[in-house]
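**Q** First to last, the sequence lines map onto chains A and B.
Take the first sequence: its position 76, counting from 1, is numbered 76 in our numbering, and each next residue is one higher.
Take the second sequence: its position 101, counting from 1, is numbered 101 in our numbering, and each next residue is one higher.
Just so you know, not all the hints are guaranteed correct.
[To be verified] Here are the simulated DMTMM-like cross-link-like pairs (lysine to aspartate or glutamate), alpha carbons at most 20 angstroms apart as the crow flies:
1. LYS49/A - GLU96/B
2. LYS49/A - GLU88/A
3. LYS49/A - GLU1/B
4. LYS83/B - ASP63/B
5. LYS78/B - GLU18/B
6. LYS57/B - GLU68/B
7. LYS58/A - ASP85/A
8. LYS49/A - GLU18/B
9. LYS42/B - GLU88/A
10. LYS49/A - GLU64/A
11. LYS57/B - ASP86/B
12. LYS78/B - GLU44/B
Simulated from the structure, these hints should not be mistaken for laboratory data.
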Amino acid sequence: AQSVTQLGSHVSVSEGALVLLRCNYSSSVPPYLFWYVQYPNQGLQLLLKYTSAATLVKGINGFEAEFKKSETSFHLTKPSAHMSDAAEYFCAVSGSNTGNQFYFGTGTSLTVIP
Amino acid sequence: EPEVTQTPSHQVTQMGQEVILRCVPISNHLYFYWYRQILGQKVEFLVSFYNNEISEKSEIFDDQFSVERPDGSNFTLKIRSTKLEDSAMYFCASSELTTGVQPQHFGDGTRLSIL
Chain A
1 AQSVTQLGSH
11 VSVSEGALVL
21 LRCNYSSSVP
31 PYLFWYVQYP
41 NQGLQLLLKY
51 TSAATLVKGI
61 NGFEAEFKKS
71 ETSFHLTKPS
81 AHMSDAAEYF
91 CAVSGSNTGN
101 QFYFGTGTSL
111 TVIP
Chain B
1 EPEVTQTPSH
11 QVTQMGQEVI
21 LRCVPISNHL
31 YFYWYRQILG
41 QKVEFLVSFY
51 NNEISEKSEI
61 FDDQFSVERP
71 DGSNFTLKIR
81 STKLEDSAMY
91 FCASSELTTG
101 VQPQHFGDGT
111 RLSIL
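Just chain A, with the same shape it has in the complex (with noise of 0.2 angstroms):
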């Protein structure tokens, strides 16, 4: 069975300083990970994901996330925050075949401070 547990349902932070969401999963499979961002009345889009290539993933808009085996977590990361970055934010975990459900975290709204 797959679970991501996402620390912190708010977390808000200053224009330009760093941006930390921690996401930690459970795992029977080895895990594709996911984050997704959700925008006000909007669906989710795709930051970046995770399937068993390099441990270091980029995503859009300056994210990346960094998956640690050890730890079981898949923290999301920007090193400069923007008012524009201001969302839900999602991780997710999915078992190893396409086709396979995603599993949500509960999610973290991020707030930027000027």
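Given chain A, work out where chain B should sit, using these hints.
**A** This is chain B only, laid out in the frame that chain A set:
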């Protein structure tokens, strides 16, 4: 960039009525999904669909729910007799058929309000 489109964006329905939510997946995608997000809660899987049949479904997807691909482009979710607790945002997603796990591409959702 191709995208998943969902209609309507907002649906208001009386309890007990049938509702059909519509989705047009990305054209070369062959896996289709429905998820729902109750206000303030996580995104929950409902069902996945491939080759004209359900490949996986959750315990939420009971006999009140059905999915259909009536033609080559649409993918629909039907709720036969809606309940108040069906009020949620419903997301359609699709993914390619290639090796490994492909990202699921989501539509903007349909907000379903049951009165």
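**Q** None of the hints should be skipped; say for each whether it holds.
**A** The hints, checked one at a time:
1. Restraint check for LYS49/A and GLU96/B: the C-alpha separation of about 15 angstroms stays at or below 20 angstroms, so the hint holds.
2. For the given pair, LYS49/A sits about 17 angstroms from GLU88/A by alpha-carbon distance, which is consistent with the 20 angstroms threshold.
3. Only pairs whose Cα atoms come within 20 angstroms are accepted, and LYS49/A paired with GLU1/B is accepted, the gap being roughly 18 angstroms.
4. Restraint check: the Cα-Cα separation between LYS83/B and ASP63/B comes to about 13 angstroms, which is no more than 20 angstroms; the hinted pair holds.
5. A C-alpha spacing of about 7 angstroms is found between LYS78/B and GLU18/B, which places the hinted pair at or below 20 angstroms, so the restraint holds.
6. With a C-alpha separation of about 14 angstroms, the suggested pairing of LYS57/B with GLU68/B holds against the 20 angstroms cut-off.
7. Distance restraint check for LYS58/A and ASP85/A: the Cα-Cα separation of roughly 16 angstroms lies within the 20 angstroms cut-off, and the hinted pair is therefore satisfied.
8. A hinted pair counts as satisfied when its Cα atoms are at most 20 angstroms apart, and LYS49/A with GLU18/B does not qualify at roughly 37 angstroms.
9. A C-alpha spacing of about 11 angstroms is found between LYS42/B and GLU88/A, which places the hinted pair at or below 20 angstroms, so the restraint holds.
10. A distance of roughly 9 angstroms separates the Cα atoms of LYS49/A and GLU64/A; the hinted pair therefore holds under the 20 angstroms criterion.
11. With a CA separation close to 17 angstroms, the supplied pair LYS57/B and ASP86/B stays within the 20 angstroms bound.
12. Under the criterion of a C-alpha separation no larger than 20 angstroms, the hint pairing LYS78/B with GLU44/B is consistent with the structure, at around 17 angstroms.
Violation of the numbered hints given earlier is confined to hint 8; every other hint is satisfied by the structure.
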